[in-house]
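4 protein chains.
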Amino acid sequence: MSQVRVGIINVTGYAGVELARLLYRHPEVKLISVTGRSAAGQRLAEVFPHLAEIDITITPELDEVDVAFSAMPHKASAEVILPLAERGIKVVDISADFRLKDASKYPEWYDFAHPAPDLLQKAVYGLPEFHRSEIAKASLVANPGCYPTGALLALAPAVKKGLVHPDIIVDAKSGVSGAGRTLSLSTHYTEAVDNVRAYSLHGHRHLPEIIQELETLNPSFSFSVTFLPHLMPTSRGILSSCYARLNDGKLANEKVRELYRDYYKGEPFVRVVDSPPETKQTWGSNLCLIYPTVDHRTGRLIAISCLDNLVKGAAGQAIQNMNIMFSFPETAGLEALPIYP
Amino acid sequence: MSQVRVGIINVTGYAGVELARLLYRHPEVKLISVTGRSAAGQRLAEVFPHLAEIDITITPELDEVDVAFSAMPHKASAEVILPLAERGIKVVDISADFRLKDASKYPEWYDFAHPAPDLLQKAVYGLPEFHRSEIAKASLVANPGCYPTGALLALAPAVKKGLVHPDIIVDAKSGVSGAGRTLSLSTHYTEAVDNVRAYSLHGHRHLPEIIQELETLNPSFSFSVTFLPHLMPTSRGILSSCYARLNDGKLANEKVRELYRDYYKGEPFVRVVDSPPETKQTWGSNLCLIYPTVDHRTGRLIAISCLDNLVKGAAGQAIQNMNIMFSFPETAGLEALPIYP
Amino acid sequence: MSQVRVGIINVTGYAGVELARLLYRHPEVKLISVTGRSAAGQRLAEVFPHLAEIDITITPELDEVDVAFSAMPHKASAEVILPLAERGIKVVDISADFRLKDASKYPEWYDFAHPAPDLLQKAVYGLPEFHRSEIAKASLVANPGCYPTGALLALAPAVKKGLVHPDIIVDAKSGVSGAGRTLSLSTHYTEAVDNVRAYSLHGHRHLPEIIQELETLNPSFSFSVTFLPHLMPTSRGILSSCYARLNDGKLANEKVRELYRDYYKGEPFVRVVDSPPETKQTWGSNLCLIYPTVDHRTGRLIAISCLDNLVKGAAGQAIQNMNIMFSFPETAGLEALPIYP
Amino acid sequence: MSQVRVGIINVTGYAGVELARLLYRHPEVKLISVTGRSAAGQRLAEVFPHLAEIDITITPELDEVDVAFSAMPHKASAEVILPLAERGIKVVDISADFRLKDASKYPEWYDFAHPAPDLLQKAVYGLPEFHRSEIAKASLVANPGCYPTGALLALAPAVKKGLVHPDIIVDAKSGVSGAGRTLSLSTHYTEAVDNVRAYSLHGHRHLPEIIQELETLNPSFSFSVTFLPHLMPTSRGILSSCYARLNDGKLANEKVRELYRDYYKGEPFVRVVDSPPETKQTWGSNLCLIYPTVDHRTGRLIAISCLDNLVKGAAGQAIQNMNIMFSFPETAGLEALPIYP
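Residue numbers (my numbering), protein chains in the order written: chain A, 21 to 361; chain B, 21 to 361; chain C, 21 to 361; chain D, 21 to 361.
The set of hints was computed from the structure by calculation and includes no laboratory data. The beta-carbon is built from N, C-alpha and C at its ideal position, and this holds for glycine as well. One or more hints might be untrue.
[As the list claims (entries may be wrong)] Partial list, computed: chain B residues near chain A (C-beta under 7 angstroms):
no., residue
1, Ile189
2, Asp191
3, Asn215
4, Ser244
5, Thr254
6, Leu259
7, Tyr263
8, Pro296
9, Glu298
10, Lys300
11, Thr313
12, Ile324
13, Pro361
[Unchecked claim] Capping the alpha-carbon separation at 16 angstroms, the derived lysine to aspartate or glutamate pairs in EDC-like fashion look like this:
no., chain 1, residue 1, chain 2, residue 2
14, D, Lys285, D, Glu149
15, D, Lys285, B, Glu73
16, D, Lys50, D, Glu73
17, A, Lys285, C, Glu73
18, C, Lys50, C, Asp86
19, B, Lys285, D, Glu73
20, C, Lys285, A, Glu73
[To be verified] Okay, the calculated beta carbon distance ranges per label pair:
no., chain 1, residue 1, chain 2, residue 2, range
21, C, Asp75, B, Phe241, 44 to 52 angstroms
22, A, Ala60, D, Gly200, 24 to 32 angstroms
23, A, Gly200, D, Gly223, 32 to 40 angstroms
24, C, Thr236, A, Pro80, 48 to 56 angstroms
25, A, Asp131, C, Lys270, 54 to 62 angstroms
26, B, Ser206, A, Glu84, 49 to 57 angstroms
27, D, Ser124, C, Ser124, 55 to 63 angstroms
28, A, Asp131, B, Ser153, 49 to 57 angstroms
Extracted from the complex, chain A is given alone in its bound form (with noise of 0.2 angstroms):
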């Protein structure tokens, strides 16, 4: 049987390299085409040394594929989805373009107004755990983006069961890397190692994505989030603080993990685990870590994730769902250990 032809359209940013480093290794799918504006006409190898063993040269257009990953800023996500979806090929879109479901929030949110709200309609939210069985049968699939992975895994079990009182807050730590390849003094390394600072103080564009789908999990609530998103000096990783009260503030510790341990039962990429995890422990992989906690001075739960935000953030889960997508094993490709240290 042949191969899936996949294609990425934008590799020359982190997620985009991210892929195809992953996508090369995959047993079931073929990387035949890769897209880039200013690269173009350059071999993969020239942009990237690590990947010198892909023999690929970056093309402005992309090739006849079965299944897009674009890993295009949105807005421009956007538009080039659309004649795809158009001809009927499957896209994974690594942008926010198609994450929002009230087309509405886009201009308010992202500065445009949303060019195709009947196929947003029809896209689905690319978390595979909690949206497994439509992602099976989309054609556009949004893939989330890397601090609502962290926040929404870290959260779901609590909101879904109504333990917590829906007014959360989570404060989540990024590596760099979240910022991309595009230049900027803040992520200029002289100024961004030995520092951490705190960013979109009002408001990151990832709030709306995480109230969504938080409602989405329990629509009886109206959820009321402070996410505060802060920059600390190693190239991946996020971890997510979540805090929010407990309904029963005395809850064992050992009752909230089991119960947490029993919702994501079977996850293939959803570890919850027994001491506070460590954004390393992820490094390369696809993993979420997540070990909730109960403060029982205060009656809040504490929930933490971790997670590599080019992997489970980015590239891994929009492998993750191409596999679901195309019934492939959900860990093809996806098989790495962490790198530790």
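With the hints as your guide, set chains B, C and D onto chain A.
Chains B, C and D in isolation, oriented as in the chain A frame:
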């Protein structure tokens, strides 16, 4: 006039060595004695080559001094301080041994019964922005913990003026030097680099100190505080992100900033800033940068502070306390600007 | 056909744990036994949470295996290997105990008399690019040191073909994981971060190994080698800068590169590159990148190599050796591309 | 007596901002003017929050000053300095524009014809340890490059006394701040972190400067120098490892250290140390630490130096030069001890 003679007990930890660095250049004092158990007999420069200029030998016991800084671990610190206090020598204690007014907290949080409850009552909690006039008259000052310094300064104006509910979350991120110079696997380079983790999820020792001082600030409340520290890969720096519900969720950002500015007017080391601060902006200095803002979507105050945990969080604040105790200019020896980048 | 049973002696160091990571996914073998003294009785996942997927308990003694990897420290390694060798079990030794053909070097460089000079003669130095056919027939392979691997691969073509004087400088820069998982002040995070230092200025233990293999390559010379290692703040990676005077100082860069390419033709893990390589381009992979160039002003060859000290410099190369010993495809279990960034 | 008025041309690079930090606390001068093209009109504190205490606005042109520091890029620096020199204003030039005595080197190394060969002859190479008395009389001082400062100080005693062959290798490792504040992919955080690479393999611009000064030190030789710089992941620091064959390969280590100590006797910022130095031991200070040793196996001198590239390698040395030019105490404004860890 002769200079005040100062000594450092246990110079071989990071707080101790930072005291040595700063005191050596202090215009009003002379560093005449430094102690250290394992390193006794060695010259300070052998243990710390960056201090080669300081011509002093580490001794097992303190020489005759006018003021002593104790950088001993808790419990051991009280033991060395008691005889000094009896002899009327002024002391600034970097350890936690004289911070908690309620002696009964020591068995619970520090695993020992306090050996001198009377002296504990006379000691002053050395956060100059809270207790300057008492410090001026004190013989024994309990230098605050690094985390409490950041959290309390970030929260004080809002708490004092009753702007927020007494239900507070402090999510703090600290550099690794906060864990000291004692070896441990979690502070081994290859384990700590590229990594972020939360720790002390079931109660960090700095929590009772934070609550005690919040209740001193505003005795009309009983505070429910969740304090979660994180280890991040920098050597210095603490960023504290504090969250609390505002009584008036529509309070303007300018208003809250103005109120904070007003509160800290004249403070030499607290700076209320107009944009989110970064830990690196305080590197090597005694500054605490504070940025209060309102999350209007949820009606929450977000107050962020940054400081250098070895300076304003330890040695620098200790010297600031000494300056107040001896009526030196409060900034003496602490004028250096932060080093950036 | 049943899989080959493998065991790791002393899994708790960085080489050991990296072996576990790689062997677990190796298609031809089954990891059935891992030992460790202090951690005996614990599950591997307790000590190394990133390996949670590997369901194995650390034992004090090795179970029955077909091939064993020893990641013991020197001297102790020989002691555990002797009985295995007697029983005919194949062994790859990560330690230095079987690397130096001249047994008399052990007292000088490693402070012990070699316990089995006969076995030492039968052991093969496991640099596949030098000794592939002997490795294929060997029962005991001495896996090269991380530094020698980088230095020898960078120098081999020039030395073998007699292009350079036998007067060589190797200035090597290693990440901190090379110093292992044992705690020490110089590998304490706050001491090692933001820092670079040279060490072993009076002779590093990897020097005799480098000289031995250079002389094996080209016995017509007696080599004078200055080898200076440096510690740099990364967890993984060694960059070796090698300098030697060329007989023909006008040799064209293209020519020397061509000659290197020719020399390493067909090598699965050595890549002669067209621009200066970076350690990060090998992160997590078994690659060694080499860039030879001529300093025409002085007539010197500069040959630079990069590798991941825990993979090609330790565990990966050990597996490559096992693959050769068992006639597996040489790249089995080592196909993963480097992780970047 | 009124303070000397100083100005900084192009304050917005790392050398410029470090000058501002140090000059602000200098007891003999007053920083009255700072220029910067893109940031003109902004307050210094807006661009550099750590300098919030300095109340000064960035202007497009320099005000009337007694001494100017130019931190402009090469070529542009000469252009702004020429009119200042004509008006008799003393200048310390951080750029390379007045370092090379042979004007014909500029087209070769810096791609421009020198605009003022006469002035070039009057300029003094500002390495105080080499040219103190000429600096004292100079109107224009060419501040040395960061790499040449480290290499020359490490080599000077041996070269001056003719101990070594004039065939030298300098393998230098620099932190990323040496590459400046201008954005580039190789200094993007995620590319530079966890990474080491060599660069400028076909000749770095600091090479002619190194050779010029070695030949000035010992005109009886013609030097053959291979200089290879490496980028390492720290913000500050240069460690230079210098190698040269000794005439007497049996020279005792104590002897060579004594000879170095003797050579640098009385130098306020050069310290010959007894154990290998670390870059971090100079963080934020104007020190250069030097460790000479003999590789008795090969008869080579290994001389290692460490400095902070932004202080002794740029701004600090520039101030040291100004101090000499104005007969201030040479250490004025440069007394701060290194910050560690």
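| request: Measure nothing beyond the straight line between the CA atoms of D:Lys50 and D:Glu73; if it is 16 angstroms or shorter, mark the hint as holding. | output: Satisfied, since the Cα-Cα distance of roughly 14 angstroms is no more than 16 angstroms.
| query | Has the hinted range 49 to 57 angstroms been met by the Cβ atoms of A:Asp131 and B:Ser153? | reply | holds (53 angstroms)
| request: Tell me if B:Ser244 is really an interface residue toward chain A, meaning its C-beta lies closer than 7 angstroms to one of theirs. | output: Constraint on B:Ser244 satisfied, holds at 5 angstroms.
| field | Proposed proximity, C:Glu73 with A:Lys285 (alpha carbon, max 16 angstroms) | value | With a Cα-Cα distance of about 15 angstroms, the restraint between A:Lys285 and C:Glu73 holds, given a limit of 16 angstroms.
| said: Can you confirm whether the C-alpha distance between B:Lys285 and D:Glu73 stays at or below 16 angstroms? | reply: holds (15 angstroms)
| request: Decide if the proposed pair is consistent with the structure: C:Lys285 and A:Glu73, CA atoms, cutoff 16 angstroms inclusive. | output: Holds, at roughly 15 angstroms.
| message | Given B:Ile324 as an interface hint, is its Cβ closer than 7 angstroms to any Cβ of chain A? | response | At 5 angstroms from the nearest chain A Cβ, B:Ile324 passes the 7 angstroms test, so the hint holds.
| field | Restraint outcome when B:Pro361 is required to lie within 7 angstroms of chain A by C-beta distance | value | Hint on B:Pro361: holds, closest Cβ of chain A at ~4 angstroms, below 7 angstroms.
| query | Should the hint that B:Lys300 touches chain A count as held when the rule is a Cβ pair under 7 angstroms? | reply | With Cβ-Cβ at 4 angstroms, under 7 angstroms, it holds.
| Does the CB of B:Leu259 sit less than 7 angstroms away from some CB of chain A? | Hint holds; B:Leu259 Cβ to chain A Cβ min 5 angstroms, cut 7 angstroms.
| Okay, A:Gly200 versus D:Gly223 on CB: inside 32 to 40 angstroms? | holds (34 angstroms)
| Hey, does the B:Glu298 contact hint survive, CB to chain A under 7 angstroms? | holds (4 angstroms)
This entry satisfies every hint, going by the numbered hints stated previously.
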